[in-house]
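Protein chains: 2
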Amino acid sequence: MQRAAAAAVRALRGARVPPGRARVPPGWARSAAARAPPRGLLYGRHGEPAAVLQLKDLEVAKLGDSDVHIKMLAAPINPADINMIQGTYAILSELPAVGGNEGVGQVVKVGSCVTSMKPGDWVIPADAGLGTWRTEAVFPEETLLRVPGDIPVLCAATLSVNPCTAYRMLADFETLRPGDSVIQNAANSGVGQAVIQIAKAFGIRTINVVRDRPDLPKLVERLMSLGADHVITEEMLRKPDMKDLFKSIPKPRLALNCVGGKSTTEMLRHLQPKGTMVTYGGMAKQPVMVPVSAFIFKDVKLRGFWMTQWKKDQMHNKDSLKSMVESLCELVRKGQLTAPACTEVPLEDYRTALEASMKPFTSSKQILIL
Amino acid sequence: MQRAAAAAVRALRGARVPPGRARVPPGWARSAAARAPPRGLLYGRHGEPAAVLQLKDLEVAKLGDSDVHIKMLAAPINPADINMIQGTYAILSELPAVGGNEGVGQVVKVGSCVTSMKPGDWVIPADAGLGTWRTEAVFPEETLLRVPGDIPVLCAATLSVNPCTAYRMLADFETLRPGDSVIQNAANSGVGQAVIQIAKAFGIRTINVVRDRPDLPKLVERLMSLGADHVITEEMLRKPDMKDLFKSIPKPRLALNCVGGKSTTEMLRHLQPKGTMVTYGGMAKQPVMVPVSAFIFKDVKLRGFWMTQWKKDQMHNKDSLKSMVESLCELVRKGQLTAPACTEVPLEDYRTALEASMKPFTSSKQILIL
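These protein sequence lines are chains Y and S, in that order. Here full-length UniProt numbering is used: position 11 in the first sequence is 11, and no number is missing along the way. Here full-length UniProt numbering is used: position 114 in the second sequence is 114, and no number is missing along the way.
With a Cα cut of at most 25 Å, we get these calculated PhoX-like pairs of lysine-lysine:
| # | chain 1 | residue 1 | chain 2 | residue 2 |
| --- | --- | --- | --- | --- |
| 1 | S | Lys251 | Y | Lys301 |
| 2 | S | Lys218 | S | Lys200 |
| 3 | Y | Lys285 | S | Lys285 |
| 4 | Y | Lys285 | S | Lys262 |
| 5 | Y | Lys312 | Y | Lys71 |
| 6 | Y | Lys251 | S | Lys312 |
Derived contacts from chain Y toward chain S, CB cut-off under 10 Å, selection only:
| # | residue |
| --- | --- |
| 7 | Ala90 |
| 8 | Ile91 |
| 9 | Val278 |
| 10 | Val292 |
| 11 | Phe297 |
| 12 | Val300 |
| 13 | Leu302 |
| 14 | Arg303 |
| 15 | Gly304 |
For the record, the hints were derived by calculation from the structure and aren't laboratory data. C-beta atoms are modelled at their ideal positions from N, C-alpha and C, and glycine is treated no differently.
The whole structure should be built from the sequences, with the hints applied where relevant.
This is how it looks when you write it as structure tokens:
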């Protein structure tokens, strides 16, 4: 994160010169003379994104020996991006900052010491805090990771947070075998949809909890088409009928929690003895409540997961990150992992995209096209 | 537990013959002709202990090849014993049953295949549910464990639950090194006092949370004399002054929770990132509440511990159990582990003992002398 923050600050150096004027580096200026100047969504203070974000011309930092100059292709708006701008997230960028933590870019030029990527390659962030809502940037090689260019651009743009979170939670907490089951709430979220697809690809069955809503049958159909074994509402989770469900599917050894509050306590009740619940979000803004007996007599384990921290821990050895990204891209190629429902929005229309991304029950991820 | 339950049922076979009449096996009858007939505290239905327990003459089962005939010396009244009689515990004995799960006995006679103990040895239960509130019994060898006869009888009688729970929780969840710290609530409980002493012996510092009470200074003094580094009330736990405490002692890597509710949430706040909280009791009868952020951003781990289950898991290989008991006896010999404050009560006065054991703020463990 320190490295990413420093890179973001360096990339932003120009933001402190009079706005509207970009000091485009000579090399880039020559080859892209006809192009629009580099721009990005910048915030100088924390607050509501629509109020504090401004689309400004940005300077692109000088390319150092270990740096990579990229043109961004697409970058999604994720809930954590919103919270970082609001100033409520666990990590905050030094201000002024460019918004966005995820996305895909194409390499334009590399520094003389860069070995892992070359012009034309697609790259995604290997760390949070880079600021991806911009048209181009210079970042240190180590903050980026090459991805194959043969997957859809929207898949690449949304690969480094949600599918990676889903992959790690399925891999790192319980040794799941084909036929085992996993239960998750917020199953319609980006992570939720990735969990359904990755689990399906590995023969693991999923019980998916969603909030009741007017278009429930449509949602159920969509999640089933992704590979969900069961889709139930939070109300159904509390009913004795759940017993019937467990006649055809084993009790889950892993529960993935993105909600908190009562919903989570109910989900936990169905976990196998000695099973693990992993919390990675708290949409209900309520604590996780666990009956003492679940710990003592059922020996359940409660853990947490944060992709940002995981990536930070891999900064000096990216083998696990690379092998995960390769596996995920392989699933994409096989059609087993698709991008979530997306709405592509030109950078100029970022206010519309921000507004849409903050609506409750939103099912479509807003992707800025850069 | 199946084995222990079967043993308890066998040992009780006589309880179904007219009460007050004991069918004493011939061998025992000869050598103990002058002694009172075997007696025990029996319950035929679940309910309040004082109402359902009756002191009755009991038959001692015939000694099988793999059995051990013991004369009980002393047996404590623990909270779990009360809950089992009330019918509210996670495991219940087949009725009618003899109360009590812990205690020390002396071997009178062994079956022809018994190798691990001989007449005169002291033994403690290796499993829950044996029914220790009786003067003598025949149990299978595998449900008992030999202990050295050179430790105080009250130490031996109270060794198999609380000190073992404390030992395992300190050993099995975090790799603690001298200088590390542990925080625990209900620090005045039997387990709490054992945690203080065992931690002290291994150079681990303890922060001990107790409820405020009229004789607080006396309690603080007693826990400090056992080796506590800090004794604080639940109110102090919530105050900003806690910062000062952590100037002289590192934040705990392990929290031991026997309470639940708000007290536990407060305790959790002081845990080191990536630390573990182990829940082994729920005195407040409230769930454990954990802010989602503690899981995601602090990566705390929540686990549970139940000595009964641990022992059950060791049934086929008692090496860990034996080595733990040896370590604990060594601490006893060195004066580093003492029995909790005890009140010795003759078996006949069991109602007084039960009543005293169920009083709030009780600091003295009731021990039936058999």
